[in-house]
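With the hints as a guide, bring the two chains together.
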Amino acid sequence: MTSVTDVRELKLDGHVGFDSLPDQLVNRSVQQGFCFNIMCIGETGLGKSTLIDTLFNTRFESDSCSHKLAKVGIRASTCDLIESNVQLKLTVIDTQGYGDQINKEDSYKPIVDYINDQFEKYLQEELKIQRNMFAFHDTRAHVCIYFISPSGHGLKALDLVTLKKLDSKVNIIPLIAKSDTVSKNELHKFKIKIMSELVSNGIQIYQFPTDDENVAEMNSQMNGHLPFAVVGSTEEIKSGTKTVRGRQYPWGIAQVDNETHCDFVKLREMILRTNLEDLRESTHTRHYELYRRCRLQEMGFVDSTSDKSFSLQETFEAKRQQHLKELQTKEEEMRQKFVVRVKEKESELKQNEKDLHMRFDGVKKELAEERQKLDEKKRILEEDMSNFQRRKEAVRQAQDAQHSASLKGKKK
Amino acid sequence: MSRAMSTGGPTSARERYFINTNRSTDTDKPLNVVNDSSALPARIGSDSSASVGRSNPSSLRSSPVPSDLSSIAVPTARVAPVASGDFKRPPPPPKAYPGVGPKSSTPPRKLGGYVGFANLPNQVHRKAVRKGFEFTLMVCGESGCGKSTFVNTMFLTNVYNKEYPSPSLRIQKTLKVETTRVLLKEGSVNLKLTMVDFPGYGDRVDNSNCWEPMVRYTEDKFDRHIRGESQVKRQTMSDDRVHCCVYFIAPNGHGLKPIDVQCMKALHTRVNLIPVIAKADSLTAGECEAFKKKILTDLQTNKISIYQFPDLDDEDENKLNKERKSKVPFAIVSSNACVTKEGGKLVRARTYPWGTVEVDNIEHNDFHVLRTMMVRTHFNDLKVTTHCNHYENYRQAHWSKIAASSGDAGANPGMAAGGPLIKTASGSSLNKNPMATLEDEKIDHQARIKKMEQDMEQVFEMKVKEKLRKLRDMEANLKKEMEEAKASLETAKNDLAKHQHSFYRERDAWADENKELEELIRQHYDAAKSLNKKKDKKLIPF
Numbered sequence: 001m002t003s004v005t006d007v008r009e010l011k012l013d014g015h016v017g018f019d020s021l022p023d024q025l026v027n028r029s030v031q032q033g034f035c036f037n038i039m040c041i042g043e044t045g046l047g048k049s050t051l052i053d054t055l056f057n058t059r060f061e062s063d064s065c066s067h068k069l070a071k072v073g074i075r076a077s078t079c080d081l082i083e084s085n086v087q088l089k090l091t092v093i094d095t096q097g098y099g100d101q102i103n104k105e106d107s108y109k110p111i112v113d114y115i116n117d118q119f120e121k122y123l124q125e126e127l128k129i130q131r132n133m134f135a136f137h138d139t140r141a142h143v144c145i146y147f148i149s150p151s152g153h154g155l156k157a158l159d160l161v162t163l164k165k166l167d168s169k170v171n172i173i174p175l176i177a178k179s180d181t182v183s184k185n186e187l188h189k190f191k192i193k194i195m196s197e198l199v200s201n202g203i204q205i206y207q208f209p210t211d212d213e214n215v216a217e218m219n220s221q222m223n224g225h226l227p228f229a230v231v232g233s234t235e236e237i238k239s240g241t242k243t244v245r246g247r248q249y250p251w252g253i254a255q256v257d258n259e260t261h262c263d264f265v266k267l268r269e270m271i272l273r274t275n276l277e278d279l280r281e282s283t284h285t286r287h288y289e290l291y292r293r294c295r296l297q298e299m300g301f302v303d304s305t306s307d308k309s310f311s312l313q314e315t316f317e318a319k320r321q322q323h324l325k326e327l328q329t330k331e332e333e334m335r336q337k338f339v340v341r342v343k344e345k346e347s348e349l350k351q352n353e354k355d356l357h358m359r360f361d362g363v364k365k366e367l368a369e370e371r372q373k374l375d376e377k378k379r380i381l382e383e384d385m386s387n388f389q390r391r392k393e394a395v396r397q398a399q400d401a402q403h404s405a406s407l408k409g410k411k412k
Numbered sequence: 413m414s415r416a417m418s419t420g421g422p423t424s425a426r427e428r429y430f431i432n433t434n435r436s437t438d439t440d441k442p443l444n445v446v447n448d449s450s451a452l453p454a455r456i457g458s459d460s461s462a463s464v465g466r467s468n469p470s471s472l473r474s475s476p477v478p479s480d481l482s483s484i485a486v487p488t489a490r491v492a493p494v495a496s497g498d499f500k501r502p503p504p505p506p507k508a509y510p511g512v513g514p515k516s517s518t519p520p521r522k523l524g525g526y527v528g529f530a531n532l533p534n535q536v537h538r539k540a541v542r543k544g545f546e547f548t549l550m551v552c553g554e555s556g557c558g559k560s561t562f563v564n565t566m567f568l569t570n571v572y573n574k575e576y577p578s579p580s581l582r583i584q585k586t587l588k589v590e591t592t593r594v595l596l597k598e599g600s601v602n603l604k605l606t607m608v609d610f611p612g613y614g615d616r617v618d619n620s621n622c623w624e625p626m627v628r629y630t631e632d633k634f635d636r637h638i639r640g641e642s643q644v645k646r647q648t649m650s651d652d653r654v655h656c657c658v659y660f661i662a663p664n665g666h667g668l669k670p671i672d673v674q675c676m677k678a679l680h681t682r683v684n685l686i687p688v689i690a691k692a693d694s695l696t697a698g699e700c701e702a703f704k705k706k707i708l709t710d711l712q713t714n715k716i717s718i719y720q721f722p723d724l725d726d727e728d729e730n731k732l733n734k735e736r737k738s739k740v741p742f743a744i745v746s747s748n749a750c751v752t753k754e755g756g757k758l759v760r761a762r763t764y765p766w767g768t769v770e771v772d773n774i775e776h777n778d779f780h781v782l783r784t785m786m787v788r789t790h791f792n793d794l795k796v797t798t799h800c801n802h803y804e805n806y807r808q809a810h811w812s813k814i815a816a817s818s819g820d821a822g823a824n825p826g827m828a829a830g831g832p833l834i835k836t837a838s839g840s841s842l843n844k845n846p847m848a849t850l851e852d853e854k855i856d857h858q859a860r861i862k863k864m865e866q867d868m869e870q871v872f873e874m875k876v877k878e879k880l881r882k883l884r885d886m887e888a889n890l891k892k893e894m895e896e897a898k899a900s901l902e903t904a905k906n907d908l909a910k911h912q913h914s915f916y917r918e919r920d921a922w923a924d925e926n927k928e929l930e931e932l933i934r935q936h937y938d939a940a941k942s943l944n945k946k947k948d949k950k951l952i953p954f
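Sequence order for the protein chains is A and B. Be aware that the first sequence starts at 1, since it is given in my numbering, and climbs by one per residue. Be aware that the second sequence starts at 413, since it is given in my numbering, and climbs by one per residue.
With the rest of the complex left out, here is chain B (with noise of 0.2 Å):
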């Protein structure tokens, strides 16, 4: 089940990476990726520049294999950077099970012999060209700098013709923005490419806020991929986000003008955002560096990031990517119409008494060098800085938005301030997920219960002991006191004893004593009580 080699142009695209399968048991050699760099079809003004035959990013993955496996690097997720919101990585999913765990830093595995994983960039390609690709375009800049000729040019087809007018040379009731979508094939590939433009901006007197339009245009863009990630049934979605704007400024000026900035101010943090000198035939060599170097310090001092371009894998293609870049902001031309040059090609070209301007000359202008990088290196990465950058700092933004706003309206004072993403203790509650804050959130009042439950389980506890010592010490004191009475009770009760004793015995002594005489005086007294009934009446008491 080999496959041959492919020859021939870009419609064999497909077959071009499909690997020449070595069947047989010998497990001795890995496998080679085999290329075919040397199909490219002649380009139009290829023959002046050299850069050009390297452009073809097929040769990207011609390099050899190289004979030692374990130097290749496990390289990371790359994410091109952005003047606002940095990412930060959060840490590490807790390992539930064991062996699974984050990239690890050891070299990779070499193999024993043919296993066939190597296949999966064919099987990815297959799959990427089936699907067909999806692309946004956006062009901002004053009337008549050639926006839709830039459109046509850079794609080499008549979006706008006369069938189909160029938004501008629509007439207009009012100014909205307006997108034009098209069809584009290419060997094997759909490119299903929209156009999006306003007409009108920067005509008025008044311009304040004309860029409003066009951010609100790339936030609705947004706000629908969120609501369809939101869903939860969700389908798969047209990616219209916007990917790329092209910023034209006009060459007659010496600098960013006012209303440049601001619109790219407003726009640089929601979309790649290229800048190009328009209209570039108006401009020397000289002057055309002049004014390069001037936007280049003004962007700068108004902190606006431009799309950077960033480096490829392939060393010779990052060199050249290195010449490319040193010539932004661009400066380019576009025409419609096309002119036979001596050879007998037919390019575009503007024609002057003084000489042609051809659009694809890269001494006459940088169109060619924005072509390249725009559609035949960066084409990719300009989607991806869009969905990784952009997107997912605007869908930051949103959520943390609507986290606060809903956070405050019910805060339970005793609970930390704001939505479902309250600060825990841990720190930053951005990178908890919903789910998780909720369930924090849980155990952190959770928590707080069992807390002021054992406070009032102490406080209680602390209160009845108190008024049980209280009880305690009232009953010891009265049995105290009980005590007390009762023993002097008793102290009393023997002392009268004590004394009743000896008065008693006392008195019968002395009654003993005395028996006689009282006996006596008993007679001598009854006597003279009868006696004495009525004359003595002294009574002698006995």
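Isolated chain A, as found in the complex (with noise of 0.2 Å):
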């Protein structure tokens, strides 16, 4: 129906104005506003809640939690931040009583379902007819903050099972918590042992994108410092005539914004300066793309290669088609399994009144046989009765004949 020609290069004479474009994409965007979801991992106590009160240099007030939780429980929390006219929906994923049980094999399930949970809210908002994917909220995470304890020995295997689990639905950043605790040298031995563990085990964690020329330079370099060690701290020490955020010791004061004491501020500059919007993307196009990939062959559509069909829907009709034919079919056995039932019954019932007749017509019969001896009883009575009668009558008769006799004797 259409003729396509070659895309052609050409030349403006003068500004249209279409330069503008980006700015106008950005603008909206603005003022529609952005959503980021955050979600940190780690052992109860290694300082997450203070890590993300750092980070956005806010209290998000949030109660510690005990280490005797049976079960890893998942807290989501969501508030607006704003920042010179930008607006944020963020979302702070925490995980309660993760490492505090004896048995841990678990501990990775809750975590992987809630990020399932939130895949399937979008996709099924997307499969939706009526749908309004401009107003809906995603809680899909978006990046996944991973505290390693500051052993100085490697990642534990608690970890290394979670981290598998994780590395192809969510983008995953390691990072050694409480880092104040480990020197320099053991800080740049732990941190190779981290990262050979990880290329050993096939952990994919997030790289930052080296592929837009912008970024590229300081991305590399910060992918080489990965896992970052932090120290997290809100609260605000006097040092000299500055204050500054950082840690109190009897030894001195760890900064939490000096670069030499810890890598905060890289963590915050590729975090949520320069990587937030990619880590967004690549939650959208790799991660989500994959689960719903992976549901929808579940449920069993497959894409057609005919031009004009539309594969999703003719599945689901089909789908829905053999699933009323089950339930028609377990509605029919029901339905015989009733009669049976019924007719069982029916018969039992039959057998107790025949039963029941049976033992009447015993008893019938006794009582005929007692009434035919009764009648027998009776009909000897008679008998005698008669022959008494008779026995009378000639008694009777003897006493008028020998009363006449007597009369005729007494006549001569």
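The hints are simulated quantities; they were obtained by calculation from the structure and are not laboratory data. Be aware that one or more of the hints could be misleading.
[Unchecked claim] DSS-like cross-link-like pairs, simulated, lysine-lysine; straight-line CA separation at most 30 Å:
# : chain 1 : residue 1 : chain 2 : residue 2
1 : B       : LYS863    : A       : LYS365
2 : B       : LYS882    : A       : LYS364
3 : A       : LYS121    : B       : LYS543
4 : B       : LYS891    : A       : LYS364
5 : A       : LYS373    : B       : LYS905
It should be emphasised that the depicted structure is a prediction, and the values quoted were computed from it without experimental measurement.
What follows is the structure in structure tokens.
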């Protein structure tokens, strides 16, 4: 129907004005507001909440959790932040009780379930017929910050298990928490050990993108500093004339914002300032698409090769028909079962009735026999009675004869 | 790592927005976005109009940061109004986890210091520029009304020239929709422009349904997008849906012609429609005003919704926007030829013996206003409206149609009619996605089965009870009968015994009394019997 010529590149004679197109785009997205979901996984007490507070320079009141939880729990809290006319809807997803249980085999499950649930919500919204993607609050986890405890000896088994489960679902950025307990040399070795363990276990962590020339150099440099060793603190301590954020020790102050003391600044730059959009995009284009693909394939959808058919709907329809048939057969089965039951019960009751009649027949017979006997006795009695009557009669006759004879004798 | 403020023209557009990072640990002041709004290139025809100087959209972001951050409210997503198919917001998704919910109405939180996500717009900007932009423009109008010239003038380049003649000039065997694709670069922005034209529109004697090919073209593109979206393995698709349709109204006439009305009616639900008065240099100012009014009333009468150029967020821009909007429909003049004005500038114009009509002179025609609005301020909005409104409406209608048609085919009379979107008890079915409706159906059916089972059980129980009761009654009756029979038998027995007893007693008593007599009789009888064996046949019974 259409004839398409090759794409020609043309020079403009003057200023048309579409170079403002990116600005128009940006303005619209600023007006709409941005949304970011950050997930923190780490053992209790490693400083997750403090780090988030430090990162966003604000206090998210969250109560610290005890070690006694029987299962890993997920807690998510949302709040709106604004920094110079940029609105950010931030959701912090926290794990509670991670690493506290004695048997940690199932620790990763609640986390994976949560991530899948958020993907599922998005997928369902996308599949609706009347959908409103633009007002939909995107709750998919865009980045997962994994807190490694500063033992200095590498990753724990729990870490490896959890990271392996998560690396295809979310962008992972590993961190060494409470790194003010690790000295510089140890830190270097520790980082190398961690990275090699990650590589040898095939765990894919998030690599800052190096395809955009503007940020490629910085990103690739930062990739070499992974995992970041951070210190979190919201306390302000006076150090000389300045007030800094840090932790006060008898031997000095570990400053949060000092790049020689810890990698906090690097973390903030990378996540918030440079790559936030990329984190969101890669969640949508990689992790979400993978989830969607697996889910649809699980439900039995297959891309049709023909041009005109709409596979999604048709497959749905087929599934639905199948489903209906199954339900109908179930219904039939149930009915059949019922009929059989009814029949059984009927025969049972009939049997009961018969038994009853039989019982009473027996009794009836007995009674009939007795009655017969009685009749027999009656008959004998009557016979006796009639005999007696005859005797009486005989006697009376004799008496009469005698009487008449006596009368006759008298006459003679 | 602070970035320097940029100066200069559009080539440094991307640098314009990088924040001058204040890396000190001074935690008091929030960060200001630094903008450079002074760098504007000289534009053709920009002298006479004051409006041009403000049309740089970067000025939209130069408003100073308000000192009271809490006064900024959380915005909601903007959707431009459309005559057909309003959006109803679906209910918020159920909270599975505490803390995450729909947009809050509390004001956003202030930050204690520098965080850095204010750089997010720059990140978005960078990514957008890297990705490049696409736009599809459809021109619709009769032959000779200046569509190809319009395209050339709008983009200040010879899209159609001698080597690549415009579709109208090409000799066609069959009438079909023609597309032309060009790549334009301005600053750091790459724009892939697609022009869609339908030569021969309205040329025939019988023009019934001559807009069909264009409508079908837009629908094809939507279909392609729907298909791409529904794939299991999705890839990034190019967006080739028609974003804007410029409809050319011939200037000689008294309003919209019937073919215009029909065509616009067919298109306005599919594409952003911008009507323009072509070759407006044949109208005087007064005629032009009257004609515009007439067109607007015609559009209203026929309920044709044209693109509304919605308000932007900057107050000053909005004022200008309103001014420009008042000129809709735009009366334009386009020209391929350039003329040198006094002052040495080369402008596009049309020369007549009585004067020169300059394309970019806003006193002569509305072309400049149209270009400003279409390209400089609402270019992105056209794309967004196409995606959010027209495409969504089309998609909704499309899936509903399929759902309805497939539902009738296999409907179980016991179940509610309709495809995967059966009407649940809660109300509208369209809000549910197919998987949820499948679930609902399952639950519904199971509930029904359970109920049926319960009913059957009930009936069964009742019947069994009934039967048992009857049986018991029968048993009781029989028992009673037996009892009665036994009782009567007993009484009869007793009577008989009594009778017997009394009789025997009587007899015995009498026998005792009359023993002698009976003895005598007996002897007599015996003697008589032996004597009267032959004679006396009458024997006295004994």
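Now the hints, each set against the structure:
1. The hinted pair formed by LYS863 (chain B) and LYS365 (chain A) fails the criterion: a straight-line CA distance of about 51 Å is larger than 30 Å.
2. Restraint check for LYS882 (chain B) and LYS364 (chain A): the C-alpha separation of about 21 Å stays at or below 30 Å, so the hint holds.
3. Of the supplied pair hints, the one linking LYS121 (chain A) and LYS543 (chain B) holds, its CA atoms being roughly 28 Å apart against a limit of 30 Å.
4. For the suggested pair LYS891 (chain B) and LYS364 (chain A), the alpha carbons sit about 10 Å apart, so the restraint of at most 30 Å is met.
5. Of the pairs offered as hints, the one joining LYS373 (chain A) and LYS905 (chain B) holds, with about 10 Å between alpha carbons and a cut-off of 30 Å not exceeded.
In this structure, only the earlier hint numbered 1 is contradicted, and the remaining ones agree with it.
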